[in-house]
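Residue numbers (our numbering), protein chains in the order written: chain A, -19 to 240; chain B, 495 to 648.
Derived from the structure by calculation, the hints contain no laboratory data. Predicted, not measured: the structure shown is a model, and the values here were computed from it. We treat Cβ as the ideally placed atom computed from N, Cα and C, and that holds for glycine.
DSSO-like mimics (lysine-lysine), calculated; alpha carbons at most 30 Å apart, straight line:
#1 Lys500/B - Lys29/A
#2 Lys126/A - Lys3/A
#3 Lys529/B - Lys616/B
#4 Lys225/A - Lys165/A
#5 Lys165/A - Lys138/A
#6 Lys547/B - Lys29/A
#7 Lys529/B - Lys153/A
#8 Lys529/B - Lys547/B
#9 Lys547/B - Lys15/A
#10 Lys15/A - Lys616/B
#11 Lys229/A - Lys616/B
#12 Lys202/A - Lys138/A
#13 Lys29/A - Lys505/B
#14 Lys143/A - Lys616/B
#15 Lys2/A - Lys19/A
#16 Lys15/A - Lys504/B
#17 Lys15/A - Lys180/A
#18 Lys616/B - Lys153/A
#19 Lys504/B - Lys29/A
Covered by chain B, according to a simulated footprint, are these stretches of chain A (three or more residues, beta-carbon under 8 Å):
#20 -15 to -8
#21 19 to 29
#22 78 to 85
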Amino acid sequence: MITFSNYVQAESLDEAYQLNQKKGNAVIGGMLWMKMQKKRYNTIIDLSKLNLNTIEETDEEFKIGCMVTLRDIEQHKSFNEYTCGAARESVRHIVGVQFRNVATVGGSIFGRYGFSDVLTLFMALDCCVELYKGGIVPIAEFANMKYDRDILIRLIVKKKPIKISYKSMRNTKTDFPTLTCAVSKYDGVMRAVIGARPMKAVVVEDKENIFGTCGYDEACSKFAEYVCGNVTTGSNLRAGAEYRKQLVKVLVERACGDIK
Amino acid sequence: MNITLKLNGKKISRDIEPDMLLIDFVRAEGCLSVKRGCETANCGLCTVFLNEKPVLSCSVLAARANGQSVTTLEGVGREAEEFAEFVADQGAEQCGFCNPGFVMNAVALFRENPDPSVDEIKEYLAGNLCRCSGYEGQLRGILNFLEWKKGGAK
Ligand SMILES: Cc1cc2nc3c(=O)[nH]c(=O)nc-3n(C[C@H](O)[C@H](O)[C@H](O)COP(=O)(O)OP(=O)(O)OC[C@H]3O[C@@H](n4cnc5c(N)ncnc54)[C@H](O)[C@@H]3O)c2cc1C
Ligand code: FES
Ligand code: FES
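All chains should be modelled from the sequences, with the hints used to inform the complete structure.
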């Protein structure tokens, strides 16, 4: 469990950012991951008062505040219509309703966890992360940036004609995933995002135009092989690297089939 | 620091440590139904309602409940009793340790979705672990309860 001496509900993003520059201070989202540490902090910074707990929708984009919960993502009608239900599918296996009512999008993305369903989903969308100092950064770039003391304000998902499907594999319900997979098509490009490899999610695009050169069903299995060949998997307590390779093939092919 | 909140309908004001968790706060206020069953935010035994939404009180700061409304099993009243008694009469549980969290989350489910399917029940209650029953008894208990509420037999 973490312990700390001060709790501050920041009145502005600038206040949150300034406080967060001090070693020994930290921002909390839902605190679920933070809580698992054994660490003493000086000041814990809460962003609850900054109205960042809403999903705003315009004709062009969805703006998802960092304090939006995973349960909000699961239940948001229009975001789920836009993502063909992939948003709900990506989070509904995470622990339980009570957990998802607390866990935030900001904490989930800022953490860039190797097991993350949430990161896998957003990397399959045309999505940017808005940082207080770092500005607007494409999510795939953010995933590989060094951890710093910036504040993640919101995610910005650009609306465009898209097809997307999400799949994950778990050894048992509510456990961490052994593999996560999102396949999407927008801007004419088919791509697969593979996470819980057990490393951070990566994007593999159909650079060989497999879907342009053969029938759809054949392309699905060829693309699945292609993704499998271009993704590194590893072993941990939950599964071996070879098993994960098999999962990549199966889940990518199935997800491609979903978005025919 | 000072917090003021509604706990089971009663407004209270208390001085707390900034890092106090909601579970320890409500227990100190005598709400002993709320228990800690794990250290990893996995078991659901600590479920309370924060502004009517079920949350894990083991993972929420008491400070965050400032100005909000918190309900524990003690405050849900007849709605919870009726369900808990019914499930007990069905012999659905064994040791009963998981029961307070299970009842809270089942009440949250019925409020959100009064006529859930088997899949919806399983999905909603997936975050309530039970180490004895294998969940079959509870599922049967819930289905029979819903039938009974609709006017069926016990
Ligand atoms: C038991 C357990 C099981 C889980 N299972 C899964 C799973 O199956 N799939 C999955 O995808 N995830 C899983 N997770 C991760 C979970 O979904 C959340 O992603 C995680 O808890 C982080 O979200 P949080 O809101 O709790 O963030 P916190 O724990 O509060 O914060 C996480 C990190 O992000 C920082 N941070 C938070 N918000 C901001 C911000 N706005 N700006 C800058 N930094 C910020 C914090 O300082 C901290 O370093 C699990 C977590 C736990 C504890
Ligand atoms: S005590 Fe286990 S989830 Fe809260
Ligand atoms: S009945 Fe024993 S833990 Fe559920």
